[in-house]
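Trainee: Sequence:
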Amino acid sequence: MSNFIHLIMATLSFANLAIVLLGTIVGIVVGALPGFTATMAIAILIPITYTWDATMALIFLGAIYCGSMYGGSITAILINTPGTAAAAATTIDGFALTKKGRAHEALTQAAVASFWGNMLSVVVLLFFAPSLAKWAFSFGAQERFLLALFGLAIIASLSTKNMLKGLIMGCFGLLIATMGMDPIMGKARFTFGSTYLLGGINLIPAVIGLFSITQVFTSVNDSSEVLHKENITEFKKSKTNLKDLFRYPATYIRASIIGIIIGIIPGTGGDVASYLSHNIGKMFSKDKEYGNGSPEGVAACEAANNAVVGGTLIPTLTLGIPGNATTAILMGGLTLHGLTPGYTLFTSNADTIFPFIFSLFIATILFLIIGLKGAKYFALATLTPRNLLAGTVLLLSTIGSYAMRGNIIDVVVMLVFGVLGYVLKLYKYSIVPIVLGMILGRMAEESLQQALLLNDDSLAAVFRSFLGRPICIVLAIFILLSVAYPIYTEKKKKSVIEEST
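Per the working numbering, residue 1 is the first one in the sequence shown, and the count goes up by one each step.
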């Protein structure tokens, strides 16, 4: 116990606190800028930490990771431009609240939900990491395939107004996901002779195009998108109350659990977690505006994608298996400073790894303070003249798309998807199912092919194997509920309307 207290006090040294603050601010800025991900920031800044103490270096990199996951929500809410792919789901309710003049409320809830998601996931990392890492191995190809299907089932709840259009967009996203090399057989598909397409369509420029550039075109051509000053002058008077920290306790806990579980499973990420959480939250929410401008919808997304932080670190630190691209780079930082991921990391290197975990708590508190204190000032960004704001978003989006890999074709992809998104929006098609298809299509295909290889290429054998795997049965039930619930609620609404008329 005395050693535990000593490690906490070591974390609270002035130098470490300063490093946490710097890393958190860098993370928030990086997360808010379209295309500038935590992965990129950590990869660029790791060499700077080479001469640093191992503990201080890890604290700095961990704070960037935490701050960036929250930072992505700021631009997602204010200008419908998710700073990170994980914040794409936040635009559903976040930007809708901004258009209603409630950006401050959305930003406040994003900070609070991010705080709870990150805090709960780090608690799990601290106390249950080894046992949960072993549990992650029970997720085989069948479980991952059904998890991907569960994510795709969200299209049903997003498309209740026009199921056919939603399914068309979802299938289009799946089609895009098949471009490039076959994940198992290694054959090129739909590349049209292009070497660029051998790697498939990069998700980051595609998402930036579908959200950011589409919004630029919309804001320039549609005067109804303009926010008037009289709608948001209340920001200057708005205050955050203590009750705002506990406004949706059930949502925070449920979304955090979803984020932690998704994070533990290697190969998934915050984007999957936030969409899943938003969909499940809709089943439990009593808010009629959920999905059309509800703070609870923002909370469901942000608690989940921030909970992924602690979740992804569990297999990374205990098994040496990175949960996502960011933790893969972070693991490089571990090895750079002579640390080997594994159970011994928590024993032989306790004086380094525990201050690192404790610093994540501090980073979480810091971005909550920054988020709550800065919410009203962030919200004033919506008063920026429309053309100036559109030009700024276009510039940042272009820089972000190019900086990701230094490839000018990524910028072209961004513009193509931007034009596509704008045209689809004109004809009342939702672009969210496209993103879902792109994110989950690759995962579903790869997992199904692996399951087939394990079952002598027999699809019937694969489905029979589901019955003997408890996690598969649970996921199958969730898939059925996810598809049936929105259909049931839509029919119920129609029957109520017919009875009233």
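Any given hint could turn out to be false.
Said to hold, decoys possible - Under the rule of at most 27 Å between Cα atoms (straight-line distance), these lysine-lysine pairs were calculated in the DSS-like manner:
| id | residue 1 | residue 2 |
| --- | --- | --- |
| 1 | K100 | K376 |
| 2 | K428 | K491 |
| 3 | K428 | K187 |
| 4 | K428 | K243 |
| 5 | K286 | K243 |
| 6 | K165 | K376 |
| 7 | K373 | K492 |
Treat the hints as calculated values from the structure; they're not laboratory data. Only a predicted model underlies this, so the values are computations on that prediction, with no experimental measurement involved.
Trainee: Tell me the hint numbers this structure goes against, listed in increasing order.
Mentor: Those not satisfied are hints 3, 4, 6 and 7.
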